[in-house]
Amino acid sequence: MTHESLSNVEACAAPRTLTDRLFYWTDRAPWWVLVLVGLGILVFLFIISPARMMVDRQVPTVGASAAGSFVYTLEVKNAGPAEAVGISLTEELAEGLKLVSADPAPTSAEGALLQWDLSAIKAGRSTTVEITVQATGGGVPGDLVRASTSDLSWTTVSIDILRFLALGMRVTILVTLYSFILAVFMGLVAGLGRVAKQPEGLSSVLRWEFIWKGALRVAAGIAIYYVLAQFVDRAPALTTRLVIVLAVLLYLAPRVLHPYTMATMYVEVFRGIPMLVQVLYLGFVIRPFVKTFLSEALGTQVEFSEFNAAVLGLGLGYGAYIAEVFRAGIQSIHRGQMEAARSLGMNYSQAMRHVILPQAIRRVLPPLANDGVALLKDSSFVSVLSVADLTRQGRLYMSRTYRAFESWNMVAVSYLVMTFLFSGLARALERRMSQGER
Amino acid sequence: MNAKNGSGPMIEVENAEKHFSGGVHALRCVSAKVDAGEVVVIIGPSGSGKSTLLRCINHLEALDSGSITVDGMRLTDKAADINKIRAEVGMVFQSFNLFPHLTALENITLAQRVVRRRSAREAKDVARDLLNKVGIPEKADVYPDKLSGGQQQRVAIARALAMQPKIMLFDEPTSALDPEMIKEVLDVMLSLAHEGMTMVVVTHEMGFARAAARRIIFMDEGQIIEENTPIGLYESPKHERTKLFLGRILQQ
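Protein sequence lines correspond, in order, to chains A and B.
Just so it is clear: in the first sequence, position 379 is 379 by the working numbering, and no numbers are missing.
Residues are numbered in the working numbering as their position in the second sequence, beginning at 1, plus a constant of 438.
Each hint should be verified, as a subset may be incorrect.
For the chain B half of the interface with chain A, some residues (derived, Cβ under 10 Å), not all of them [unchecked claim]:
1. Gly-460
2. His-497
3. Leu-548
Hints in this document: simulated from the structure, not taken from any laboratory.
Where is the CB? At the ideal position from N, CA and C, for every residue including glycine.
Sequences and hints are given; from them, build the entire structure.
Okay, structure coming up:
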């Protein structure tokens with residue numbers, strides 16, 4: 001973008017230095033190039049990742065306790081993604097077992113230690129080694145499974161990290177997508193509420209006109225409740241406590257139910273609570289409440305999964321930020337635009353929809369994309385709710401393999417790939433939509 | 439409702455009072471009448487309340503007290519359908535206020551479709567006719583930022599005319615224009631005046647006032663100081679302030 005802000009003469013000059021040249025193209029690449037680059041990175045990651053090997057030992061249950069000879073197998077699986085070569089398999093026979101024969105024959109056998117050099121295994125394929133043993137003493141196959149370890153060269157016996165993380169990536173993308181849609185919707189509604197005409201200050205609730213209208217409202221409301229309650233079986237009785245609560249709500253209703261007040265309360269509450277706490281609150285307070293209390297009240301089981309709780313928590317939380325983005329966008333449109341639209345006879349909502357919002361949305365695209373990327377990253381908070389997202393899968397992988405470097409490296413790179421793609425698409429969209437306007 | 443054709447007041451302002459926050463007294467007991475088919479020019483120094491009066495006629499500003507009647511509909515009634523009245527009153531702004539995300543043609547068709555509920559085709563036909571009338575048919579698919587100021591203002595006039603208003607209000611339509619573009623806008627306004635459109639124009643273009651206006655209203659400090667025919671006002675201004683003001687602007 002730097003070139004555009006320079007004078008005409010310089011803008012026409014070709015980029016000279018290497019960095020100039022690099023950024024010249026990244027700033028102007030069409031969206032499909034960004035998608036291709038993103039896919040390329042994924043494929044590259046896939047190719048350079050080493051093959052992940054798994055060993056599966058199958059001991060027959062027949063003759064499990066009897067002495068004598070039996071056959072057990074070692075299945076060496078390549079879980080991909082690449083072809084595995086130079087595989088060496090080591091097996092230490094359990095105490096009380098004696099080798100009779102093996103197919104294929106071991107490359108070397110020193111006492112109880114057997115070793116095979118296996119030929120290459122393609123991704124997704126496996127090789128089976130059959131071992132026939134003679135139980136000499138009190139050797140129990142149960143011991144055998146625990147006693148011996150297998151070792152493979154250059155790759156470890158582990159779960160396929162990519163396959164493991166791919167699952168988490170899918171969940172992360174879904175969580176982000178759903179909560180972003182929810183957040184943009186909430187943000188738009190609350191943003192419109194925030195630019196609505198403000199109600200009078202709170203002191204106005206003590207004005208004479210408000211007092212007598214409020215008194216009428218309270219009396220009418222409680223009377224209506226009393227009549228309706230006669231027809232509903234389980235309606236709470238009109239106790240003093242309920243009357244007080246109803247009276248306060250009914251009296252303040254015109255102030256509280258005002259779009260501006262509601263939008264402001266929403267923004268202030270959700271912006272003021274840490275995202276992690278919101279997700280925890282949704283998952284451990286609201287979710288059980290809905291599942292038990294609401295189910296009981298309605299008489300049917302209300303489903304509310306942890307995934308949904310996570311989406312709701314993130315979406316509502318980000319909606320509060322996005323509301324302020326929309327408010328800023330709408331307020332940045334010159335007053336004359338609204339006046340021109342209204343002077344043509346459009347009402348407020350028509351002017352908003354046809355004149356103000358189309359311009360405002362263009363302006364808020366960059367901060368909106370910013371919030372989208374932030375939301376994608378903050379989706380890692382949902383891992384506290386046993387939603388199997390990328391972060392949770394990474395942690396699980398690490399706890400199974402004790403390989404912190406590989407786990408978090410892959411998790412970090414996976415997030416980077418996703419955010420890179422997201423911002424690339426946002427930039428392309430921005431460029432498309434900015435046609436026509438300066 | 440008593441819509442009037444031919445003669446009779448199209449706009450009637452009675453005892454209009456308007457204060458702005460900060461203690462500005464914008465309109466002081468202003469009363470004025472504009473007949474159907476009449477062209478009235480309002481002049482006066484800046485801050486004299488002439489733009490405020492215009493904006494009140496379109497209800498972009500609400501009066502503190504007094505009443506405004508437009509085409510037989512009382513604007514100041516609480517029950518008045520402001521949007522319906524506004525659709526009958528076209529407004530042209532100093533800063534054009536075209537919608538930058540729409541082409542010239544779309545600028546003209548939007549309100550026709552949204553407010554007048556015309557079909558896209560009908561609205562386009564009207565828009566093309568009006569672009570012809572204001573002399574820029576070739577700019578239909580151009581966005582406002584690619585138009586000159588004069589062209590933008592002519593699109594804005596066409597946009598207001600597309601609603602087939604009974605009244606056109608012009609709020610200093612040429613003040614933001616380069617001198618060579620003023621004429622093209624004034625020509626459009628002149629031809630409108632000759633067609634018998636009821637017009638209220640806030641402007642300092644004395645040539646236009648002489649050629650088109652039946653009356654000139656001189657305002658200062660929120661009051662109507664005097665009103666007369668153009669000739670009458672130029673040649674024999676009654677008030678000292680009018681003389682002073684006319685002397686200043688006619689020198690330029």
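Hint-by-hint comparison with the structure:
Restraint check, Gly-460(B) versus chain A: the minimum CB separation of about 17 Å is more than 10 Å; hint violated. For His-497(B), the interface hint holds, the least distance from its beta-carbon to any beta-carbon of chain A being 8 Å, beneath 10 Å. With 10 Å as the threshold, the beta carbon of Leu-548(B) comes within range of chain A, its nearest partner Cβ sitting at about 6 Å, so the hint holds.
In this structure, the one hint that does not hold is number 1.
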